[in-house]
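**Q** Following the hints, complete the assembly by docking chain B onto the known chain A.
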Amino acid sequence: MVDVRDVHFAIDGRPIFAGLNVRVRRGLITAVMGPSGTGKTTLLRLITGQLAADSGQVMVFGRDIDALSSSQVYAIRRRMGMLFQNGALLTDISVFENVAFPVREHTDLPESLIRKLVLTKLEAVGLRGAAELMPAELSGGMARRVALARAIVMDPEVLLYDEPFVGLDPISLGVILRLIKHLNEVLGITSIVVSHDVQELASIADETYLISGGCVVASGTPQELARSDSETVHQFMTGSEDGPVRFHYPAPDYASQLLGADEG
Amino acid sequence: MSNGARHGPVAEFVRKAGVMGIFFVRLLIACGPALARPRLIVAQIFNAGGRSLIIIMLSGLFTGMVLGLLGQDVLQRFGAETALGIIAALALVKELGPVLTALLFAGRAGTSLCSEIGLMRATEQLTAMEVMAVDPMSYVAAPRFIGGVIAMPLLVAIFDVIGLYGAQLMGVQFLGVDRGTFWSQMQSAVGMRDVTEGIVKSLVFGVVLSLIAVNEGYHSEPTAEGVGLATTRTVVVSSVLTLFLDYVLTAVFL
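Residue numbers (our numbering), protein chains in the order written: chain A, 1 to 264; chain B, 1001 to 1254.
FYI, nobody ran anything at the bench for these hints, they're computed from the structure. A virtual CB, placed ideally from N, CA and C, is assigned to each residue, including glycine. Check the hints yourself; a few may be wrong.
Claimed, not checked - To give a feel for the contact side, a few chain A residues facing chain B, derived at Cβ under 8 Å: (1) Thr48; (2) Gln50; (3) Tyr74; (4) Arg77; (5) Met82; (6) Asn86; (7) Glu105; (8) His106; (9) Gly220; (10) Tyr249.
If we strip away everything but chain A, and leave its shape as in the complex, we get (with noise of 0.2 Å):
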């Protein structure tokens, strides 16, 4: 569905991938996990075509992404669907109109199918009350659900969250993490998720991609990764302050730091 092939990318000469290999496979929820920093926002912005990367193949429902023209890569992502972080919604127009927009551009439905379609939509991440309100008005929590219900109106194939679990409080990521588990199981969506919510994304990934340092170091079944003797997996598994990742950003030895705190 989705196959990421020995990509390379670097932004500024900073490198973010080197060689990164990651295989989604269809009607599957696919978790990408990963420190912060790591570049899993930018791996999602790859399989969108909105960055090409620098050597290796992005391969989309079979197709090279970076070959194509940019209609067939709007093409392309019209059976696509993502979710963003802040949920993205366009703050100029109310609720209804967020989940219709998808449906207005591409679509030629008359005004009663569209609305039937997008209450819909609504039903299903449970804020059919909420069409007419606008997105200032709504929850973290609330604003996330929009932007699902508009992430799915157009029955898109695949499904990407960026961060769905990001700032949401326990009951809100509840119901997040039972949508996508329900919208994969429903209507078969095939899905991507980035985050680094380890607990949340084990209960409901059928694979899991590690990425630190610009490749996977560790694929396999959450269970898997669980039981992995890998030091860089067991650290971010557990949480662990201690490790092949450190917490400390790279700093001159602390001590003589301080001690020679006076010399400017």
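**A** Frame of chain A, contents of chain B only:
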């Protein structure tokens, strides 16, 4: 972005000009699909034009009144108060109307265009559109550009008319210049060429100022600070460029 910073300010200027040039071409191409969404364009004409109306009308009135006062005072020293209509009309139609409207437009509409687009960028709304296979150039940028281009000449026309009323109010109603001579002198002295100059200027300012505002917003850094900086740049660049272009166009029309 950071590539330019390593070179000197000249290279940075050339790079920015290049970015804006390419953006302008993309914008013009995006105008095609944007024209198929007349509702968006009408909304933006209201946003850029309708919401600037009160400030434009007030400014026009006071500018005209000053012209009436000053013109009458200066001209009566030479016994030439009858020329007040000519002075007021030429000054407003050729220079003050387009220039002052453009400066006010930069402060009122330009900033709102720029910050709105910048905030849409910062909150990932533009990215979301791209992922939904909707081109933000033709959905967000182009309608605002077209709206600004259409609104500017209309605002200039309104500024001119109100300004003339203000000059007439001071000169004729309060200071006693003859009403008949005021209007007839104006009619005989102001030619089509003068009006054309005003229209050309207003069109040029409309294109340039809308382009600057949309370009700055579209390319602003997606942070609160970045949007603020972009908005400030919009006003500064717009104002300086307005006065510079006004000089060039005046020289061309002489």
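**Q** Take the hints in turn and mark each one as holding or not.
**A** Hints and how they fare:
1. Thr48: Nearest chain B Cβ about 5 Å off; hint holds.
2. Gln50: Where the cut-off is 8 Å and the nearest Cβ of chain B is about 6 Å from Gln50 of chain A, the hint holds.
3. Tyr74: Holds - the Cβ of Tyr74 of chain A comes within 8 Å of chain B, reaching about 4 Å at its closest.
4. Arg77: With Cβ-Cβ at 4 Å, under 8 Å, it holds.
5. Met82: This interface hint holds because 5 Å falls under the 8 Å limit.
6. Asn86: 6 Å, holds
7. Glu105: 5 Å, holds
8. His106: 7 Å, holds
9. Gly220: 29 Å, violated
10. Tyr249: 20 Å, violated
Violated hints, in rising order: 9, 10; the structure is consistent with all others.
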